[in-house]
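Which chain is which? The protein sequence lines are G and B, in order.
Once you know that position 157 of the first sequence is 157 in the numbering used here, the rest is easy, because the numbers rise by one and skip nothing.
Once you know that position 151 of the second sequence is 151 in the numbering used here, the rest is easy, because the numbers rise by one and skip nothing.
Derived from the structure by calculation, the hints contain no laboratory data.
The structure presented is a predicted model; accordingly, all values stated were derived computationally and were not measured.
Keep in mind that a hint or two might mislead.
Unchecked claim - Capping the alpha-carbon separation at 20 Å, the derived lysine-lysine pairs in PhoX-like fashion look like this:
#1 Lys120/B to Lys118/G
#2 Lys120/B to Lys109/B
#3 Lys129/G to Lys79/B
#4 Lys209/B to Lys129/G
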Amino acid sequence: MVPLDKIIFLFEYLLQGLGVTIGATLIALALGFALGTSTAVIRVYGNRFASTLAAAYGTIVRAVPVIVIIFILFLVIARFIDLSPFLSGALALGFASGAYQSEIFRGALLSVPPGQMKAARAIGLSRFKAIRFIIMPQALRLAIPAWSNEATLVLKDSTLVYVIGVPEILRQAQYVSARTLQPFLAYGAAAAIYLVITFLVTRVLHMVERRNRLML
Amino acid sequence: MRDLPIVRIENVHKSFGSVEVLKGISFAVQPQEVVVLIGPSGTGKSTLLQCINLLTRPTQGKIWLEDQEITAPGADADKVRQRIGMVFQEFNLFNHLTALGNVMVGLTKVQGLKPAEARKKALWELERVGLSAHADKYPAQLSGGQKQRVGIARALGMDPHVMLFDEPTSALDPELTGEVLAVMQKLAREGMTMIVVSHEMGFAREVAKRIIFMEDGDIVEQGPPQQLFTQPQHERTRRFLRRLTDFASSE
């Protein structure tokens, strides 16, 4: 029987970790979204030079393990600019996710029928406005299913920032396990928390998808 | 003296790679004139329309919209397109917007109207095409004929000086073409200048002031409908018209 004080201790720590995990995930997803949408637009609508550059970002980042990106940002770049482990971890995750999100949004942009751009230009919208008001809104809706998958992957990848000492859920679980000598309890609880958030995220995004489904 | 033409096309050529689709087209369209372009498919009629609103750039030749040469280097294509309404064969309604939203988007994002004004104007344009009852429906909830009427309302919203119709009824079931043609006929009566690519000979006969018969990227013959339909001057025109009537009577 596990004593109650150990369980309270466990939850106190894991809940702190939960805040860190959610914070890092949200920052990473937001940065990834900004990078992903902009590079996708550049790849589909940009000139050849910019498009090659944006494609190179995707190819290189996707070829490098996320954990290596985390180390590079934390051990190399954070030496020159002041970055906390939390921030460098979150930004590294976002930088990596941007490459995957770029693929998602590129596919979505390409599946918007070409007639939409023609019609948008025909009423006098500039190319930029056509992308902003006609193409993007449709592409975003088409991207929701794949994006929600990416969101859960980033959530789980956020455990990797553990290696640079960020006190997210896994790190806290390890600490609790060492202190209480109850590894199954500690890691089991951590797993349960991931399961719950992933479930919630998937449900919420599924709802968003249903509400915004593009009727074709 | 005649009015300044709305559109004047001078020796327009267009090539895609080594294929020359337009081989030196010239004609002018007067204010309030309805011109119907006919001819076998693949003769460059649609390409010509796309050249007129600069969705495609002519390889050679000049196009004027009223007193402005729009093919001149430095001409603002976005500004030019605001004065030209375009209706597509495939409708190309914006799928994420309602019928009202489709008409409004140009008013708010191009003309800079406030949402309330844009809404009022858009509703009026939908009224003009008989669709105010369907303003809040999405394209997927509309029939083909209704979609095309929204497409016309969207173009009209920008107060174009000329309307281009690229086979507006070709993607429609036969029983739905009537409602679209009726709207176009009404526009013509109201004095809208129109260039129409169409295979609807009934419409051409009744509404067109002039028919232009094109084949292989060239204008073969043009004239008022009764002349062109009853006494075509060229063998190629006769052959085309014969094929059409054969097709119509075999249906």
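Verification of the supplied hints:
| no. | hint | in the structure |
| --- | --- | --- |
| 1 | Lys120/B to Lys118/G | violated (26 Å) |
| 2 | Lys120/B to Lys109/B | holds (15 Å) |
| 3 | Lys129/G to Lys79/B | holds (14 Å) |
| 4 | Lys209/B to Lys129/G | violated (37 Å) |
When the structure is compared with the earlier hints, violations turn up for hints 1 and 4 and for no others.
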